[in-house]
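Protein chains in written order, with my numbering: chain X, 8 to 181; chain C, 305 to 714.
No lab work stands behind these hints, which were simulated from the structure alone. This structure is a prediction, so every number in the text was calculated from the model and none was measured. Incorrect hints may have been included.
Claimed, not checked - Covered stretches of chain X, going by a simulated chain C footprint (3 or more residues, C-beta under 8 Å):
1) 64-77
2) 107-115
3) 144-152
Said to hold, decoys possible - Below, a list of computed lysine-lysine pairs in the DSSO-like style, where the Cα atoms sit at most 30 Å apart:
4) X/K163 x C/K634
5) X/K159 x C/K373
6) C/K373 x X/K163
7) C/K500 x C/K555
8) C/K634 x C/K373
9) X/K96 x C/K555
10) X/K163 x X/K96
11) X/K102 x C/K500
12) X/K102 x C/K555
13) X/K159 x C/K634
14) C/K373 x C/K356
15) X/K163 x X/K102
Idealized CB from N, CA, C, for every residue including glycine.
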Amino acid sequence: MAPIFDAIQAAFGASHPDGQPAGTPPVHCLGVSHGVLVLALEPDGLYATVQRLRDDFGFDLFLDVTAVDWPGQPLRFEVVYHLMATSHKVRVRLKTRVPEAEPIVDSLIGLYGAAGYQERECHDMYGIVFRGNPDLRPILLYEGFVGHPLRKDYPKQQEQPLVPYRPPQSALVR
Amino acid sequence: MSAELISRPPIPNPVHPVFTPSRDDTVVVNIGPSHPATHGTVQVIAELDGEKVLRTDVHCGYLHRGFEKECEDHTWHNLIPYVDRLNYCSALINNFAYCDAVEQLMGITITPRTRYLRTLLAEYSRLADHLTCVAAQLMELGAMTAFLYLVTVRDQMYEHLAALTGARVTYSYGRIGGLAADVPDGWFTRLEVILKAYEDYVARVHGLVDRNRIFIDRMRHVGTISTAEAIHWGFTGPILRSTGAPRDLRKDTPYLAYGELDFEVPVGLYGDNYDRYYVRMREMDESVYMMRQLIALMPDGPIMVDDRRCVFPDKALVYTEIESLINHFKLVMEGPVVPAGDIYVAHEGANGELGFYIVSTGEGVPHKVHVRSPSFVHMGGVHRMLDGGQLADIVTTFGSVNMIGGECDR
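Excised from the complex, chain X in its bound form (with noise of 0.2 Å):
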């Protein structure tokens, strides 16, 4: 495992024996997984630890933010965020739970550039609020687009033309 990883994980306290330390929001770290460290977080201690890790340990590069649409349970979407760390070149993954009536996370646009587009898109997809994002316009979608495509009860069959179906035209009768 990379020594970064030991590094992060005991500073954000997930082994301290006296339980956190002061003024930081709660970050579980749930191991390694695939070569990625993985921790999950509170919405609210997301853009504090995201500045911690780009600041502190070096991940500049914002990969990609994405959502799992988790149907049936209290907090309906995980967001998830992968990092790297050009010059370690070890990735992290952070998660946060949001409610489907509140599905609301702070942007990182302030952190990094690439997140503006990437949240862009999973406002479109998801639904997903970021909040302090000044342009949320749909990137993949259109305007005027009606729900989210990617949440799963969106039926993957709905159609939503901007341009009305003609009706069938023989190419006989012109």
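Given the structure of chain X, go ahead and fit chain C onto it with the hints provided.
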């Protein structure tokens, strides 16, 4: 036979730009989504002061076809043709990255021959992808001869890959646990002929453009981006390397057989269009160098692992014994059972870090497949290269980013 005009109200532009003209003497223009210079469907809304670009709003999504939604409705095997259509210039890299992710989640180690073959074919795909990108970029500057040289050799590669996989562009050649088939007789002999042709044609292109005054004037110090800014905006692959950062997943986190190969990571000086052109040209040479090593190292042996969870049984057995018939039936109808869990696997795609984040609930159908596609991330940061430049330079800079609609819009 009267052609009656169907008059319909015009469809409004679905994109509202984030800005209006900031001064009286500037104008906001719309470029694309269907424009010869965007090769693909992407829309650039630019505020212009004369011919100078003040700011841009890049909008993609016109090729969105619900890839990730579709994945959640098919078995792990049936996705392989879909992942081909992400980056259709180097479909095999997508194939292998996806298969690698599923295999790692299942705990499968592929056979040595497959490992080397996948590495070889991934480099072959990278070669074809870079050839396409450089050729398109040169053509947009009017260099038709260089374009035709590069596309000639690329077409030989497509035909050669068709001899291996049966398709020119969308190969569907990877399998969970191996490959669709072994290489046919004489394939490596022909490969060496094509690599020689590649060297011949690329030498001519080097001679035509490298020291060409027109080319340098259009490319040098145009679309510049610094390393810190490139990382901030999520750039990876040749664009990040063109800024001077030797970041390459093949070296940083070696996968497949890359740990055993000798190769260099070419980097640029200024992070401009010329560097992106040259980094791609040098990377192609490194790919050829790696492929020659791989041909020499290529071991014999099976290409599929012996694992009944994902590999189809021999057809003769399916017809003669009930266990294999059931095995075959369950693999087709229910799909291979992938243990519950999630994994992020990234390969060095031709454009940058191609990552697959897959979530399984222990069924034959994925719970979620998410693609970290380099082109989409690059579209989020490309305005940093376009702003402040000339209107005509949007074309060349955009060409050097190599946006592939299939993987950008998914």
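Results for each hint:
{"no.": "1", "hint": "64-77", "in the structure": "holds (count 8)"}
{"no.": "2", "hint": "107-115", "in the structure": "violated (count 0)"}
{"no.": "3", "hint": "144-152", "in the structure": "holds (count 8)"}
{"no.": "4", "hint": "X/K163 x C/K634", "in the structure": "holds (24 Å)"}
{"no.": "5", "hint": "X/K159 x C/K373", "in the structure": "holds (9 Å)"}
{"no.": "6", "hint": "C/K373 x X/K163", "in the structure": "holds (7 Å)"}
{"no.": "7", "hint": "C/K500 x C/K555", "in the structure": "holds (26 Å)"}
{"no.": "8", "hint": "C/K634 x C/K373", "in the structure": "holds (23 Å)"}
{"no.": "9", "hint": "X/K96 x C/K555", "in the structure": "holds (10 Å)"}
{"no.": "10", "hint": "X/K163 x X/K96", "in the structure": "violated (38 Å)"}
{"no.": "11", "hint": "X/K102 x C/K500", "in the structure": "violated (49 Å)"}
{"no.": "12", "hint": "X/K102 x C/K555", "in the structure": "holds (28 Å)"}
{"no.": "13", "hint": "X/K159 x C/K634", "in the structure": "holds (25 Å)"}
{"no.": "14", "hint": "C/K373 x C/K356", "in the structure": "violated (41 Å)"}
{"no.": "15", "hint": "X/K163 x X/K102", "in the structure": "holds (26 Å)"}
Checked against the numbered hints listed earlier, the structure breaks hints 2, 10, 11 and 14; every other hint is satisfied.
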